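Q: Sequence order for the protein chains is A and B.
Residue 848 is where the first sequence starts when you use the working numbering, and the numbers rise one by one after that.
Residue 3 is where the second sequence starts when you use the working numbering, and the numbers rise one by one after that.
To be clear, the hints were calculated from the coordinates, so they are not data collected in a lab.
There may be inaccurate statements among the hints.
To be verified - So, partial list: chain B residues that the calculated Cβ filter (under 7 Å) puts toward chain A:
(1) VAL78
(2) THR88
(3) PRO89
(4) ASN214
(5) LEU218
What the hints assert, rightly or not - Derived lysine-lysine pairs resembling BS3-like cross-links, with alpha carbons at most 30 Å apart:
(6) LYS872/A to LYS190/B
(7) LYS863/A to LYS121/B
(8) LYS121/B to LYS872/A
(9) LYS872/A to LYS51/B
(10) LYS863/A to LYS190/B
(11) LYS890/A to LYS125/B
(12) LYS879/A to LYS55/B
(13) LYS890/A to LYS51/B
(14) LYS872/A to LYS48/B
(15) LYS86/B to LYS890/A
(16) LYS880/A to LYS55/B
(17) LYS880/A to LYS195/B
(18) LYS67/B to LYS879/A
(19) LYS190/B to LYS890/A
(20) LYS190/B to LYS879/A
(21) LYS86/B to LYS880/A
(22) LYS872/A to LYS125/B
(23) LYS195/B to LYS890/A
To be verified - Non-contacting residues of chain A with respect to chain B, defined by C-beta distances greater than 12 Å in every case (computed):
(24) LYS853
(25) TYR854
(26) THR857
(27) ASP859
(28) GLU869
(29) LYS872
(30) GLN874
(31) LYS879
(32) TRP886
(33) LYS890
(34) THR907
(35) TRP916
(36) LEU917
(37) ARG924
(38) ASP936
(39) TRP940
Since this is a predicted model, take the numbers as computed values, not measurements.
Beta carbons are placed, not taken as given, at the ideal position from N, Cα and C, and that holds for glycine.
One letter stands for each residue in the lines below.
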Amino acid sequence: MPEFDKYGFTFDRTSKTALSWEQVKNQIYCAKKPFAFSWHHNKGGGHMMVVIGYVTVNGTNYVAINDPWLPNIGDQRIITYNSFVSGSDYTHWDDFYNVTKK
Amino acid sequence: MKLLIITAVAGTFLSASGAQAQTAAQYGIMRETREIASRSLDTLQKLTKANSKAMGFESAEEAAKSKLGDGLAVFVIGLDDLRKYTPGSDPNELLVAADRVIYPVMVNDQPCSSVTVEKTREKWEATSFGGTNLIKAIIDARSAVVAAGAPADNLFVAWVPGLNTYMIGFRTRDKLMLAPIMDDASLKFSAGKAQPGEEVLAALVPVAQQYNGLPL
Chain A
848 MPEFDKYGFT
858 FDRTSKTALS
868 WEQVKNQIYC
878 AKKPFAFSWH
888 HNKGGGHMMV
898 VIGYVTVNGT
908 NYVAINDPWL
918 PNIGDQRIIT
928 YNSFVSGSDY
938 THWDDFYNVT
948 KK
Chain B
3 MKLLIITAVA
13 GTFLSASGAQ
23 AQTAAQYGIM
33 RETREIASRS
43 LDTLQKLTKA
53 NSKAMGFESA
63 EEAAKSKLGD
73 GLAVFVIGLD
83 DLRKYTPGSD
93 PNELLVAADR
103 VIYPVMVNDQ
113 PCSSVTVEKT
123 REKWEATSFG
133 GTNLIKAIID
143 ARSAVVAAGA
153 PADNLFVAWV
163 PGLNTYMIGF
173 RTRDKLMLAP
183 IMDDASLKFS
193 AGKAQPGEEV
203 LAALVPVAQQ
213 YNGLPL
C-alpha cells in the first residue's frame with residue numbers, strides 16, 4: 848500500500864470501488880492530481896498503478912496509466928474506463944486520491 | 003468446391019482429439035480478435051496523437067504507418083492455484099484461458115506498442131493500448147524460443163497476475179514448456195529460455211506462498 852502518511856501526504860481512499868468517470872476528470876483536469884488505483888485478481892493477489900490522464904475517442908472513455916511493471920522500467924498504457932473499473936479476471940480494489948502535501 | 007473444402011475441414015475437426023478441438027476453438031478466437039485488433043489501430047493512432055513517444059512511437063506519423071503483428075492468446079495461472087501446486091503434477095491443469103489476446107503493433111517489423119483484445123460482457127473489444135516495454139519483452143522471448151525450435155504457430159502467453167510474471171508457453175509432444183520473459187537469477191530464469199512447465203511452476207511455488215497478497 849502507498850505510504851502517503853510516511854512521506855507527509857494526506858489522501859482519500861475508496862473501498863473496493865473505482866472513482867467514477869466524473870471523479871476521474873475532476874482529479875486529473877481540475878485538481879491536477881494523478882491518483883493510485885488497485886485491482887484484485889480473482890485467484891489471489893493484486894496490482895497497483897497510477898492514473899495520469901483521460902481521453903474520450905469515438906464515444907469511448909479511456910484512462911492513461913503508469914504501470915510500474917516491468918520492474919525498474921515501467922510502462923504506459925491507455926485502457927478503457929470500463930476495464931479500469933473491472934475485467935474478466937479482476938475486480939476493482941481501492942483507489943487513493945486527493946493526494947495532497949500536508 | 004468451397005463447400006467440399008469446408009466440409010473436409012469440419013470433418014477433420016469433428017474427428018479430432020480434444021486437444022485438436024481446443025486448437026480449432028483457439029483458431030476461431032484468434033481470427034475474430036485479429037479483426038477487432040485491426041480495426042482498433044485507428045483508435046490507437048488517435049490515442050497516440052498527443053503522446054506518441056509514451057505509446058512507443060517516434061511520432062504520430064510513425065504510428066499511422068504501424069501494422070499489426072501476430073497475436074498471442076493469454077492463459078492465466080492463479081496465485082491461489084499456484085500456492086497449492088505439487089511439483090511433479092500436471093502443470094497444464096493450472097492454465098486457464100483468459101479470454102484475452104495481445105497483439106504487437108509493429109513498425110519496420112519491430113514491436114513498438116500493443117493492442118489487447120478482451121472478452122467483456124460476452125463481446126470482444128480492444129481494451130488496452132501501449133505497454134511498449136512489456137510487448138518488446140514478450141516478442142523478444144517469443145523470438146528466442148522460436149529460434150530454439152519451438153513451434154511458431156502454437157505459442158501463447160502464460161501470465162501469473164498475482165506475481166506479475168509473464169512467460170511464453172508452448173507444447174512439445176504434449177509436454178508444457180514455459181520460457182520466462184525476464185531474467186531472474188534467484189529463480190534461475192533466463193529470458194527466452196524454455197524449461198519444462200513443472201520446473202518453472204515448482205520454482206514459483208515458494209514465491210507464491212511467501213507473497214502477502216497485497217497489491218504489487
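Q: Now tell me if each hint is right for this structure.
A: Evaluation of the provided hints:
At a threshold of 7 Å, the smallest CB-CB gap from VAL78/B to chain A is about 6 Å, leaving the interface hint in force. Nearest Cβ of chain A to the Cβ of THR88/B: about 17 Å, over the 7 Å cut. The hint is violated. The interface hint given for PRO89/B is broken, as the beta carbon of that residue sits about 19 Å from the closest beta carbon of chain A, more than 7 Å. A hinted interface residue such as ASN214/B counts as satisfied when its beta carbon comes closer than 7 Å to some beta carbon of chain A; here the least separation is about 9 Å, so the hint is violated.
For LEU218/B, the shortest C-beta to C-beta distance to chain A is roughly 6 Å, which falls under 7 Å, so the interface hint holds. A threshold of 30 Å between alpha carbons decides the hint, and for LYS872/A with LYS190/B the separation of about 45 Å lies outside it, so the pair is violated. For a cut-off of 30 Å, the pair hint linking LYS863/A to LYS121/B stands: about 22 Å separates their Cα positions. Of the supplied pair hints, the one linking LYS121/B and LYS872/A holds, its CA atoms being roughly 26 Å apart against a limit of 30 Å.
Under the criterion of a C-alpha separation no larger than 30 Å, the hint pairing LYS872/A with LYS51/B is consistent with the structure, at around 20 Å. Proximity of LYS863/A to LYS190/B is assessed by CA-CA distance (about 36 Å); at most 30 Å being required, the pair is judged violated. For the proposed pair LYS890/A and LYS125/B, the alpha carbon gap of about 23 Å is at most 30 Å, so the pair holds. For the given pair, LYS879/A sits about 22 Å from LYS55/B by alpha-carbon distance, which is consistent with the 30 Å threshold.
Distance hint between LYS890/A and LYS51/B is unfulfilled; the C-alpha atoms sit about 37 Å from each other, more than 30 Å. A threshold of 30 Å between alpha carbons decides the hint, and for LYS872/A with LYS48/B the separation of about 19 Å falls inside it, so the pair holds. A threshold of 30 Å between alpha carbons decides the hint, and for LYS86/B with LYS890/A the separation of about 12 Å falls inside it, so the pair holds. At most 30 Å may separate the alpha-carbon atoms for a hinted pair to count; LYS880/A and LYS55/B meet this at roughly 22 Å.
A hinted pair counts as satisfied when its Cα atoms are at most 30 Å apart, and LYS880/A with LYS195/B does not qualify at roughly 42 Å. Restraint check for LYS67/B and LYS879/A: not satisfied, since their Cα atoms lie roughly 33 Å apart, outside the 30 Å limit. Among the hinted pairs, LYS190/B with LYS890/A is consistent with the structure: their alpha-carbon atoms are about 25 Å apart, no more than 30 Å. Proposed proximity of LYS190/B and LYS879/A is contradicted: the alpha carbons are some 43 Å apart, above 30 Å.
Annotation: proposed proximity of LYS86/B to LYS880/A is violated, straight-line Cα distance about 41 Å (limit 30 Å). Between the alpha carbons of LYS872/A and LYS125/B the distance comes to roughly 27 Å, so the proposed pair stays at or under 30 Å and holds. The straight-line distance between the Cα atoms of LYS195/B and LYS890/A is roughly 27 Å, inside the 30 Å bound, and the hint therefore holds. Taking the minimum C-beta to C-beta distance to chain B, about 16 Å, the non-interface status of LYS853/A holds against the 12 Å cut.
Against chain B, the non-interface label of TYR854/A holds: every CB pair exceeds 12 Å, the least being about 18 Å. No beta-carbon of chain B is positioned within 12 Å of the beta-carbon of THR857/A; the least distance is around 20 Å. With a minimum CB-CB distance of about 17 Å to chain B, ASP859/A clears the 12 Å threshold, and the non-interface call stands. The claim that GLU869/A lies off the interface holds: its Cβ sits roughly 21 Å from the closest Cβ of chain B, which is beyond the 12 Å cut-off.
Its beta-carbon lying about 16 Å from the closest one in chain B, LYS872/A satisfies the requirement of being farther than 12 Å from that chain. Every CB of chain B is more than 12 Å from the CB of GLN874/A (nearest about 18 Å), matching its label as outside the interface. Distance to chain B confirms LYS879/A as a non-interface residue, since its nearest Cβ pair spans about 17 Å, more than 12 Å. With a closest Cβ-Cβ approach of about 7 Å to chain B, TRP886/A is found to fall inside the 12 Å limit, against its non-interface label.
A Cβ of chain B approaches the Cβ of LYS890/A within 12 Å, the least distance being about 3 Å, so the stated non-interface status is violated. The beta carbon of THR907/A sits about 8 Å from the closest Cβ of chain B, which is not more than 12 Å, so the claim that it is off the interface is violated. With 12 Å as the threshold on Cβ separation, the claim that TRP916/A sits away from chain B is violated: the shortest Cβ distance comes to roughly 5 Å. Listed as outside the interface, LEU917/A is inconsistent with that label: its C-beta sits roughly 5 Å from the nearest C-beta of chain B, within the 12 Å cut-off.
Residue-level check failed: ARG924/A sits 4 Å from the nearest beta carbon of chain B, not beyond 12 Å. In this structure ASP936/A is not separated from chain B by more than 12 Å, as the shortest Cβ-Cβ distance comes to only about 6 Å. For TRP940/A, the non-interface assignment is contradicted: its Cβ lies about 6 Å from the closest Cβ of chain B, within the 12 Å cut-off.
Comparing the model with each earlier hint shows violations of hints 2, 3, 4, 6, 10, 13, 17, 18, 20, 21, 32, 33, 34, 35, 36, 37, 38 and 39; every other hint is respected.
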